Amino acid sequence: MSKLENIFQNVSSCFDQLWSWKMRGANTMEISTPYSTTTSKFVSLFVTERDGNFIVSDGGLLNAGAYESEIDYENQCLLKILYHYEAFYEVKKTQDKKGLKHYYKITPKENLIPNLIYEMAQFVSMCASAATVQFEDPKEAEEKKTFRKKATAYLHSNFQKFRPKFGAALDKGDYRSVRFSALIERRNRLSLINFVTGSTPANFRNSIARANMNFEIAATSKYKGVIDHKIVLLNNQADGFVMNQIQRQLQVLEEHSGEEAVNWSERERLLSIID
Amino acid sequence: MEKPVKEIKENYFKYRKLLGEAKTSSVSLIVLDEIKGNHNNTRIKKVVICHSTLPDKLELTIESKVENDKDFKFNLRAPEYTDKPFFRFDSDGLSHYNRAPDIELPEQKIETPHFHKFDSKGRNIAYKTNSLKKENECKALLEDINLCMAHYCDESKTYYNKGEYIEIIQTPPNELNFDSNFDNPLEGVIYE
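Going line by line, the protein sequences match chains A and B. Position 160 of the first sequence, counted from 1, bears residue number 580 in my numbering, the numbering being contiguous throughout. Position 19 of the second sequence, counted from 1, bears residue number 21 in my numbering, the numbering being contiguous throughout.
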C-alpha cells in the first residue's frame, strides 16, 4: 500500500471511530455522530421506527440549549440563516408536551436512514454553530441577554398561571418572524409584551423601533381583534436609557401602542395591567 | 466559537490553586428542593464552598432531571474570578470535542459521563478518570449519585468537615418521586 493510500485509510478509520451509539428506552437509539459544533459538542441524533416510518430527530436538544448555543429569535440575520438551512435540508418541526421544538426527518425506507442522519447532522451542526456567531457588539448582546433573563424570570414567576410564551411568534405561518419577548394568552385574548433596552442611546432607539414595528404589524394583522394589551417593558436602568435622547421615539411608541411604557423599576404595575 | 476563557488563561496560577487546593462545603447534605428557572424538568441546589487559602466565595451547584435521576450535573464556580464553572461533572448528555493540537482525532471525542476542567490556555477540556473509563466501575458509579459525588469530591478536593464526602438527596422527602428513568427524548412526541 502506498503512503498516500495509508493516509486515506487512516483518515477513514479515524472518522469511523467518531461514531457511537446507545439505547434510549426500548425502541430508540441515540447516534453520536462525527459532526461537531463550534461550541465543542458532537451532534447526537435519535432514531426510532413508528408505524413503518423511520424518524431521525434531534430529540429537542437544539431548542433545549444542550449545544450551549442559545438562539436569539430577535436576530433577523441569524433567523435568515436558520430558515435557509431548514428549507434546504427540508427539516420538519414538531413540539413535545413541554413546548420543546423537535427538528426531524422521516422516511419509510430503512436504506435511506444514513441520508437522514447525514442531513440532520449537518443541519444541527450549522444551526448550533451559527447561533454562536457574534453578530453585534458584545456589550449590547450582554445588555439584551441580561435584561431578557431578568424580565423573563419576573414574568415567569408572577404570571405562571397564564403560561406565558417567551420569544414567541404571532403564529407559525405568515407571522413567524413577528416575535414578541412574551405572549400571554387569557380567555382567547392576547397581551403582547416587548422588552426594550440598549447599552447606548442609539441601541435603545433601535430596540424601541423594533418593538414599535412588531406592534404595528400585530395591529394590522388578522389577530388585531383579540389583542388586549401591547406592553413595553422598559429597562430604565440600562446605560442607553438617556431620556432626552430617546424621548421622541418613546413617545411614538406609546402613541402607537396606546399604553404608557412600564419602567423596569416599576414592574409591579404589570400585575394590575395583566391581572 | 467556544473561546478560551480569558480570565483563566491570564491567571492560570489562580486556577491551579482554585482546583488543586482543599475546599470546604458549608453543608454535608444537599437536598435538591428547588426547580431551575425556565427548566421545569430540572431540580437544582446551590451551596457555599470556602477555599482553604483564597478569599473567594465559591458555589457548588447540583442539577438533576426530575424524570431521570441518572442525568445530573455538578458545577463549581468562582463568580468573582470567572462566570464559567471551573470544574464540572456531566453524568449524561452530548459528547465533548476536545479540540486541541497534537491529540489524534478519535481521542478528541469524550463521551459522557465526563469531567470538565481548563488547561493553561483557558480551553475547556473534558476528561474521563480511570474509574469512568472502566465499563463496570462507570456503570456502578452512575447507579448512585452519591458515589459520583464522592468521586467529584476527590477530583476537586471539596469535602465537608475536612475529609467527609458531601451527600445528595435528589427528591426532597416531602415530594413525590417522579423518576421514571425517562431518558428517551422521543417518548410521547408526535411526529406526523
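Source of the hints: derived by calculation from the structure; they are not laboratory data. Warning: the hint list may mix true and false statements.
When the alpha-carbon atoms are kept at most 25 Å apart in a straight line, the in silico SDA-like pairs for lysine to any residue are as follows [said to hold, decoys possible]:
| id | chain 1 | residue 1 | chain 2 | residue 2 |
| --- | --- | --- | --- | --- |
| 1 | B | K141 | A | A446 |
| 2 | B | K72 | B | D156 |
| 3 | A | K559 | B | K72 |
| 4 | A | K565 | B | T84 |
| 5 | B | K86 | A | S440 |
| 6 | A | K513 | B | G190 |
| 7 | A | K529 | A | A639 |
| 8 | B | K19 | B | P81 |
| 9 | B | K47 | B | P57 |
| 10 | A | K513 | B | F184 |
| 11 | A | K442 | B | E109 |
| 12 | B | K5 | B | F184 |
Some chain B residues near chain A, calculated using beta-carbon distances under 10 Å [claimed, not checked]:
| id | residue |
| --- | --- |
| 13 | N43 |
| 14 | L96 |
| 15 | E166 |
| 16 | I170 |
| 17 | N179 |
| 18 | N183 |
| 19 | D185 |
| 20 | N186 |
Quantities reported herein were computed from a predicted structural model and do not represent experimental measurements. Yeah, the Cβ is synthetic: ideal placement off N, Cα and C, and Gly gets one too.
query: Between B/K5 and B/F184, is the straight-line Cα distance small enough, at 25 Å or below?
result: Not satisfied, since the Cα-Cα distance of roughly 33 Å exceeds 25 Å.
Proposed proximity, B/D156 with B/K72 (alpha carbon, max 25 Å): holds (20 Å)
message: Given a cut of 10 Å on the nearest C-beta pair, is the interface hint for B/N43 held or broken against chain A?
response: Nearest chain A Cβ about 7 Å off; hint holds.
message: Between the alpha carbons of A/K442 and B/E109, is the straight-line distance 25 Å or under?
response: holds (19 Å)
task: Take the C-alpha atoms of B/K19 and B/P81, compute the straight-line distance between them, and say whether it is at most 25 Å.
output: Holds - the C-alpha atoms of B/P81 and B/K19 are around 15 Å apart, at most 25 Å.
query: Measuring from the C-beta of B/I170 to each C-beta in chain A, is the shortest one below 10 Å?
result: Check failed: Cβ of B/I170 comes no nearer than 22 Å to chain A, outside 10 Å.
Proposed proximity, B/F184 with A/K513 (alpha carbon, max 25 Å): The hint holds at about 22 Å.
- request: Below or equal to 25 Å on CA atoms is what counts here, so check A/K559 against B/K72.
  value: Violated. A/K559 to B/K72 sits at ~38 Å, over the 25 Å cutoff.
field: B/E166 as an interface hint toward chain A, with CB separation required under 10 Å
entry: With a minimum Cβ separation of about 33 Å from chain A (threshold 10 Å), the hint on B/E166 is violated.
query: Straight-line Cα separation of B/K47 and B/P57 no greater than 25 Å?
result: holds (22 Å)
Given hint B/N179 near chain A, where the shortest CB pair must fall under 10 Å: Status violated, d = 19 Å.
Restraint check, 10 Å cut-off on beta carbons, for B/L96 near chain A: holds (4 Å)
Hint compliance for this structure: hints 3, 5, 7, 12, 15, 16 and 17 are broken, all remaining hints hold.
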